[in-house]
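**Q** Residue numbers (numbering that gives the first Met the number 0), protein chains in the order written: chain R, 0 to 242; chain F, 0 to 156.
These are computed hints drawn from the structure, not numbers from a lab. Warning: the hint list may mix true and false statements.
To be verified - Subject to a maximum C-alpha distance of 20 Å in a straight line, what follows is the list of computed EDC-like cross-link-like pairs (lysine to aspartate or glutamate): (1) R:Lys-103 - R:Asp-66; (2) F:Lys-92 - R:Glu-63; (3) R:Lys-47 - F:Asp-44; (4) R:Lys-33 - F:Glu-48; (5) R:Lys-103 - F:Asp-44; (6) R:Lys-95 - F:Glu-117; (7) R:Lys-183 - F:Asp-95; (8) R:Lys-103 - F:Glu-117; (9) R:Lys-183 - F:Asp-44.
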Amino acid sequence: MTLTRRQILLLLPAAAAAWDFVLAGTPEDAPNYKMTDHWWGMLLDIAKCIGCGSCVRACSMENEVPDGYFRTWVERYHVDDWHIENPTVDSPDGGKEGFPANGKTGGKNFFVPKLCNHCTDSPCTQVCPVGATFHTADGVVLIDYNYCLGCRYCIQACPYGCRFFHPTRHTAEKCTLCYHRISKGLTTACCEACPTGARQLADLKNPNDPIHAFLKTHTVQVLKPHLATGAKMFYNGLDGSVR
Amino acid sequence: MSRFKDSAHLIPVAALFVLGAVAFVALRAAVIPKSFGRYGPYRGDALQEITSRPLVYAGHEACEGCHPDVLEMKAKGVHAHVNCESCHGPLAKHADDPASVIPVKPDVATLCVRCHSENIAKPSGFPQVDAKEHAQGQLCNTCHQPHSPGFDTGGKK
């Protein structure tokens with residue numbers, strides 16, 4: 000079995016066509032929005048949250064979140080005197096319709112808005128067996144709904160309870176940080192609807208973003224810092240009782 | 000060179016190996032979505048699917064273009080930082096087609112208390128009232144101008 004020069008010359012174009020087909024999946028031009036120019040996070044100011052639930056309603060309408068499920072929600076904390084390890088926490092319907100009086104008097108009372116922390120080293124992404132959940136270059140954790148098998152590993156892995164199983168789509172579901180909005184230069188629906196500025200979208204790569212000045216002068220914490228998830232939701236004035 | 004006497008036997012094996020490799024590469028290229036790896040180790044089209052979701056909240060910049068009078072009124076009062084859609088609800092449809100989609104005015108009876116009803120968990124500096132005792136059945140906008148509810152101005156507070 001020997002190849003003549005003529006045969007090799009005939010085979011070359013076929014090989015080139017095949018190679019082109021193989022390469023077709025490699026990087027192409029990026030769209031107008033340049034992912035690498037951004038690194039998204041959010042600032043949540045406990046001292047400003049009034050528990051009105053506007054963020055929860057806005058999120059639910061913007062993203063068609065099914066009733067009884069939440070991409071973002073608000074918790075009400077009640078801490079009695081020194082019992083910071085045993086706070087009373089409630090969140091009626093995720094705080095969607097506000098918080099009716101719960102009969103608590105005295106102690107320390109405050110609201111904590113919660114959402115996906117868009118962790119830099121997210122446990123949910125690490126456990127996905129099919130690579131359906133991923134980090135974008137601008138620091139957002141998203142789900143490929145076509146790839147997701149619905150095995151729910153990620154829902155168990157998230158230490159913040161930020162994921163849920165979509166009842167009709169039968170895939171995992173979570174906050175996208177309103178990726179369809181922030182990639183168009185808008186803020187997220189929850190930040191847009193927040194009347195007090197308790198939630199502010201922050202672009203950590205933008206040197207002119209007010210978050211940098213804020214971080215310098217305030218006592219800011221992320222949730223469960225001991226888990227080293229690289230959470231990017233920064234809470235101002237976060238109480239030690241918050242889990 | 001007797002060691003290479005039967006080297007011709009290697010050719011079918013090598014050919015099989017090459018065939019297998021080509022089949023693997025071709026199959027891999029056919030099975031993996033074309034957009035995989037465009038931005039990272041995931042299907043690039045998933046991003047397009049997520050970003051193609053229509054807007055529901057237009058964003059306050061969209062409102063301010065056509066309603067500069069409200070913006071001006073708001074800017075003077077304590078509601079300056081409250082975005083339009085925080086009270087008026089999502090209005091991207093109205094922003095897209097202002098003539099045919101007319102937004103419904105919010106119901107003052109339920110709107111204001113959503114933020115301003117008394118609650119022990121609210122920050123103490125936030126203005127909050129027991130609506131029953133404070134308004135005694137009157138609607139909030141009888142006394143307060145919602146777009147600029149100042150505390151110490153004359154006339155409409």
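**Q** Now, for every hint given, state plainly whether the structure supports it.
**A** The hints, checked one at a time:
Proximity of Lys-103 (chain R) to Asp-66 (chain R) is assessed by CA-CA distance (about 28 Å); at most 20 Å being required, the pair is judged violated. Of the supplied pair hints, the one linking Lys-92 (chain F) and Glu-63 (chain R) holds, its CA atoms being roughly 16 Å apart against a limit of 20 Å. Restraint check: the Cα-Cα separation between Lys-47 (chain R) and Asp-44 (chain F) comes to about 38 Å, which exceeds 20 Å; the hinted pair is violated. Using a Cα cut-off of 20 Å, the hinted pair Lys-33 (chain R) and Glu-48 (chain F) holds, with the two alpha carbons roughly 17 Å apart.
A threshold of 20 Å between alpha carbons decides the hint, and for Lys-103 (chain R) with Asp-44 (chain F) the separation of about 50 Å lies outside it, so the pair is violated. Annotation: proposed proximity of Lys-95 (chain R) to Glu-117 (chain F) holds, straight-line Cα distance about 17 Å (limit 20 Å). A hinted pair counts as satisfied when its Cα atoms are at most 20 Å apart, and Lys-183 (chain R) with Asp-95 (chain F) qualifies at roughly 16 Å. Between Lys-103 (chain R) and Glu-117 (chain F) the alpha-carbon distance is near 13 Å, which keeps this suggested pair within the 20 Å criterion.
Restraint check for Lys-183 (chain R) and Asp-44 (chain F): satisfied, since their Cα atoms lie roughly 17 Å apart, inside the 20 Å limit.
Violation of the numbered hints given earlier is confined to hints 1, 3 and 5; the remaining hints are satisfied by the structure.
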